[in-house]
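Protein chains: 2
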Amino acid sequence: MSKTNLIQAVEHGSVTLAKGFSAGGLHCGLKKKRKDLGWIFSETPAVAAAVYTRNLYQAAPLHVTQESIAVEQKIQGVLVNSGYANACTGQPGMDDAYAMRRMMAEKWGIAEHLVAVASTGLIGERIPMDKVTKGIAQADRPEHQGAEHFEEAILTTDTCPKHYAVQVEVDGKLVTIGGAAKGSGMIHPNMGTMLAFITTDAYVEQPVLLSALREITDQTFNMITVDGDTSTNDMVLVLANGQAYDQPLDQSHPDWEAFYTGFATVCRQLAKQIARDGEGATRLIEVEVKGAPDEQTAKAVGKAIVGSNLVKTAVYGKDPNWGRIVCAAGYSGQLFDPDRIRVKIGPVLVVDQGLPVPFSEEEAKRALGEDTVKIEVDLNQGSAQAVAWGCDLTYEYVRINALYRT
Amino acid sequence: MSKTNLIQAVEHGSVTLAKGFSAGGLHCGLKKKRKDLGWIFSETPAVAAAVYTRNLYQAAPLHVTQESIAVEQKIQGVLVNSGYANACTGQPGMDDAYAMRRMMAEKWGIAEHLVAVASTGLIGERIPMDKVTKGIAQADRPEHQGAEHFEEAILTTDTCPKHYAVQVEVDGKLVTIGGAAKGSGMIHPNMGTMLAFITTDAYVEQPVLLSALREITDQTFNMITVDGDTSTNDMVLVLANGQAYDQPLDQSHPDWEAFYTGFATVCRQLAKQIARDGEGATRLIEVEVKGAPDEQTAKAVGKAIVGSNLVKTAVYGKDPNWGRIVCAAGYSGQLFDPDRIRVKIGPVLVVDQGLPVPFSEEEAKRALGEDTVKIEVDLNQGSAQAVAWGCDLTYEYVRINALYRT
Chain R
1 MSKTNLIQAV EHGSVTLAKG FSAGGLHCGL KKKRKDLGWI FSETPAVAAA VYTRNLYQAA
61 PLHVTQESIA VEQKIQGVLV NSGYANACTG QPGMDDAYAM RRMMAEKWGI AEHLVAVAST
121 GLIGERIPMD KVTKGIAQAD RPEHQGAEHF EEAILTTDTC PKHYAVQVEV DGKLVTIGGA
181 AKGSGMIHPN MGTMLAFITT DAYVEQPVLL SALREITDQT FNMITVDGDT STNDMVLVLA
241 NGQAYDQPLD QSHPDWEAFY TGFATVCRQL AKQIARDGEG ATRLIEVEVK GAPDEQTAKA
301 VGKAIVGSNL VKTAVYGKDP NWGRIVCAAG YSGQLFDPDR IRVKIGPVLV VDQGLPVPFS
361 EEEAKRALGE DTVKIEVDLN QGSAQAVAWG CDLTYEYVRI NALYRT
Chain L
1 MSKTNLIQAV EHGSVTLAKG FSAGGLHCGL KKKRKDLGWI FSETPAVAAA VYTRNLYQAA
61 PLHVTQESIA VEQKIQGVLV NSGYANACTG QPGMDDAYAM RRMMAEKWGI AEHLVAVAST
121 GLIGERIPMD KVTKGIAQAD RPEHQGAEHF EEAILTTDTC PKHYAVQVEV DGKLVTIGGA
181 AKGSGMIHPN MGTMLAFITT DAYVEQPVLL SALREITDQT FNMITVDGDT STNDMVLVLA
241 NGQAYDQPLD QSHPDWEAFY TGFATVCRQL AKQIARDGEG ATRLIEVEVK GAPDEQTAKA
301 VGKAIVGSNL VKTAVYGKDP NWGRIVCAAG YSGQLFDPDR IRVKIGPVLV VDQGLPVPFS
361 EEEAKRALGE DTVKIEVDLN QGSAQAVAWG CDLTYEYVRI NALYRT
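Residue numbers (the numbering used here), protein chains in the order written: chain R, 1 to 406; chain L, 1 to 406.
To be clear, the hints were calculated from the coordinates, so they are not data collected in a lab.
Some hints could be false.
Heads up, the list lumps identical chains together, so a pair's fine if it works in one copy or across two of them.
[As the list claims (entries may be wrong)] No farther apart than 27 Å at their CA atoms in a straight line, the calculated lysine-lysine pairs in the DSSO-like style are these: (1) K365 to K31; (2) K318 to K31; (3) K31 to K374; (4) K19 to K131; (5) K131 to K290; (6) K19 to K32; (7) K173 to K19; (8) K33 to K318; (9) K318 to K32; (10) K74 to K32; (11) K290 to K134; (12) K32 to K365.
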């Protein structure tokens, strides 16, 4: 059985597809109407690994979650609120994050250090804790259960929920890896820049899980950008409870590659969904850089292009302005021979050996109108490659962000 | 007489205020209606120093100008076209730049290596040289003479010409330093990101002039950002012909500081005019960072804030969203203690010791509505400081750049 046969996407799959995981969400009043409090629960403590924003301003819940994981590298419950970021809130904010952790632990009858907390929303204002308290009190009602409620509860200016799940065969057992995420604004991961939660019923020991998460995050969540702003609250958390297969998975296991690829697939799909749903975006931009002398160059060039406001507005205007693509590659801070670059917009070759070639404006415009706009940059001077994702820059982005707070 | 007494701004002053400099511009047909070909001429060869874009893709005219200056570090004539960048045009583009240099030299009767050339406009298309040829043929007509014609001829999507001049006393002689610039799009200098031309009738030897230009560029042109895109064509060129004072000026001269400050003032004013006239901008944003442990931190924090799309849209929406300011400082890549930061929007204190303080929303909105929006960030952990300039991000920026090429 080939590697690809082992991996299958599951439609509508999310954080509860893996065995032993439940989730839910409700409206407790932090936002006007939409759901704003969500949770994930594992029947048994799950091995936990997380990566956090590298912004100097880390929100209070990130500190508390790091403390929780430090105790025995396991998490059983996750509580997330939207509407308030609980960042730049000082000691009172830390107290609020601890209180959220304690309430979740009490409600679900587990130890406090088995609870992770996360927040997303406005920076600098305290979470109205009375509303959170009332929300948690109602969390066991049947109408609040389901991954779809969790997915909604973690959103801010996102226009749609984000989830993805795959199943892989490990030792003949069906193992699930599923995830849910939120993105939208302040999306420029320098770790990951958003919240993503991934659950699996495989068992992976913590150092292995953390190392895989870091590697995969660098190639997925860290390769998206919406607006160049790295948030204070970003976190990717993965929970592995071993309920489908309880033998430790690592590189020495014959099915490690299938599991790893499945894990990476979930992260990549969530990252792309976040980029596609960037604030005001109408299209996903996928920049593939190949022929690079090394991976760092490939990544930096890809991110420079996908992060360029001029490229982003050109995509919005369906303008095959390849000069902006080449220019962004040139200021990526990487050294390469600029005269070997080859650029395609969709299937249309626009630059070869660093110089423009005649092309059909109509075909290029068509490629720029696709839901996923593909830009391929071949530096022609090595074999390293990388893919970066972003979205177009539109009037709507300006509208949303000029008016967000008021 | 104190240092500041020595420096006086001259209203409407530009590149021809200094003795022995003339300039002009005309419409030769590279653009539909607006002037597109401009020149500066010095009666005698002037000591020349220039800094160039650090983008890997340097436009052809930048190569040719570097060659010219290399011969004897002097320039007597400068020819600039707008409409076409002459970047990513290969050997034919180099040939065009050489041809421009030759035609200017022949017309003005000077050696080719005394001519500098510059271009700005669309990347990747050849300049229609027949039009440039016809334009140069008419360059001696009286109606084309004057700095104001030159200033217009170098513009692209700029909405207004940019010029500034000061006079300082050196050894009792009145010395002039004047400049003109263009900016607008692809403005994120990592050198300078635009064209700026500065003339002076002082005499400064080339290594001293170049060193002063580099220092000043780092504090002025390199501290502005409009859209984070570093252009292929940026250049700042300074010409010193010594016609008002022909003794070499350097640090050992008692009036060096006056001259240096005057030079820096011209560059700062031009940089601010460029930022203020950023594509679609309605306001200038000035971020002053102080109390930094070192200058690099101060600069990086300032540029991160002024370059943040979220800060820029918040200014456009007059939204005192200080969280975005603090967040941008946090992802600047610099290490500092985040809990000591103090932030003011105009006169309004919004963050102290890393935490929000109660403030008048109305007063903050008023400050955000000023033509120059001042943001002051005090890191409270040192004495280094820097100022960065940018502009708000508006619907108009998106409109201009979604439609620029077509």
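Unsatisfied constraints (hint numbers, rising): Failing hints, ascending: 3, 4, 5, 6, 10 and 11.
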